[in-house]
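*Asks:* Read top to bottom, the protein sequences are chains A and B. Just so you know, the working numbering puts 176 at position 176 of the first sequence, and the rest follows in order with no gaps. Heads up: take any position in the second sequence, counting from 1, add 218, and you land on the working numbering.
To be clear, the hints were calculated from the coordinates, so they are not data collected in a lab. One should not assume that every hint holds.
[Said to hold, decoys possible] Derived Cβ-Cβ restraints for the label pairs, each shown as a range: (1) A/Ser90 x B/Leu242: 27 to 33 angstroms; (2) A/Gly120 x B/Ala431: 45 to 51 angstroms; (3) A/Ala161 x B/Thr344: 49 to 55 angstroms; (4) B/Phe415 x A/Ala161: 41 to 47 angstroms; (5) A/Asp42 x B/Leu252: 42 to 48 angstroms.
Note that the coordinates shown come from a computational prediction; the quantities given were computed from them, not determined experimentally. We put the beta carbon where it would ideally sit given N, CA and C, even for glycine.
Protein chains: 2
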Amino acid sequence: MKLYTFWRSNATYRVRVALNIKGLTAEKASIDLLMGDQFEADFQAVNPARAVPALVLDDGGPALFESMAIMEYLEEVHPRPPLLPSDPRSRARVRALAQIVVADAHLLGVPRVRKLLTEGFKFDETQLARWQHHWQNEAMTSLEGHLARDRETGRFCHGEAVTMADICLAGHVIAAQMLKVDLKPYPTVSRIAEECFAQDAFAREHLLKQPGAPGVPA
Amino acid sequence: MKLYTFWRSNATYRVRVALNIKGLTAEKASIDLLMGDQFEADFQAVNPARAVPALVLDDGGPALFESMAIMEYLEEVHPRPPLLPSDPRSRARVRALAQIVVADAHLLGVPRVRKLLTEGFKFDETQLARWQHHWQNEAMTSLEGHLARDRETGRFCHGEAVTMADICLAGHVIAAQMLKVDLKPYPTVSRIAEECFAQDAFAREHLLKQPGAPGVPA
């Protein structure tokens, strides 16, 4: 397999962690979203949505794309160890917690949105930081509200095993830490993130350890 | 079942269409996102993420939330007629097309984002329209790029049967039409949307036909 990735991309972080948990490996190709590599014709042929991750399977064919769709694929084809619980109601809870990050938060801080705000609408650094902190905190409030309320919350988002929800949560917390968001109001989120970061599958995929990250050779 | 919904919410539209296709009915309760009903304590107890849809099952327990998670739940518990193909690779394609709308587009036009832009950052109507059109077109370009390229595209996004991808695409096209986005550059998207709108399961859930929509009694 070949994974198109980028050090700063939280969406590719999710797929890299999922691959690690499943015991799978993929060749990596970096698409520098800050340099605009995603708009090159070669990459648009891989993913017309001009985004990473994209995962080319060994049998060829169009690349898989979108982090949640890729994680669901990995779960269906490589079910052990599972990234979803077994009963439908629990699976819905895990998927919904994941979607708080994927559908309700992450997009508001991606390069193309920051670029339109700063170049198209002339946001200065202070305004951009205010925008990003606002949405980080909104998503944290949503996650903490669910996790602190529900008895299904355990060592991880759902019981004692890592699920897709933890992968998405961990990436969101890394982004928050990079933005210096105060995490004290979100003790359940913070506790679960620390549980994740203590695991090798997560630790070695930390954004700031990836090739091309500040201080890390590309 | 009881579905918390709102006439203008594209995310609840998805769930209503999915329920229709599955032949299921749910009592409806309107949460007026423009009036801030989602921040009332009663509703925050239902969904701490302060968003619709939320679906309360007949056996009680915490409400399901997030449209994709609810559709996946309905698919697992009521598999006929299916909203996903049967093979993992096709399922990944359908989920990824759906996520273009759900994760890469929809959020940028929801009430809470529009509110921060207009109240927090003083966007005027022209700026807000420019913002919304930009992201509508970005998502349309991504969808059209995939759908026009892939041989799996048929009468619908994936072959001859409606899937989750079509439900998400149809809602995105309704939003684009309400914003008067020019759809001519997206012929495949437009064609598939028309196929969807011709079906009763979609037609009766059109946003502008819902209780509370302009000209429709609440």
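*Asks:* With reference to the structure, classify each hint as holding or not holding.
*Replies:* Checked hints:
1. A/Ser90 x B/Leu242: 27 to 33 angstroms: violated, 20 angstroms
2. A/Gly120 x B/Ala431: 45 to 51 angstroms: violated, 31 angstroms
3. A/Ala161 x B/Thr344: 49 to 55 angstroms: holds, 50 angstroms
4. B/Phe415 x A/Ala161: 41 to 47 angstroms: Cβ of B/Phe415 to Cβ of A/Ala161: about 43 angstroms, so the range 41 to 47 angstroms holds.
5. A/Asp42 x B/Leu252: 42 to 48 angstroms: 44 angstroms Cβ-Cβ, so the 42 to 48 angstroms window holds.
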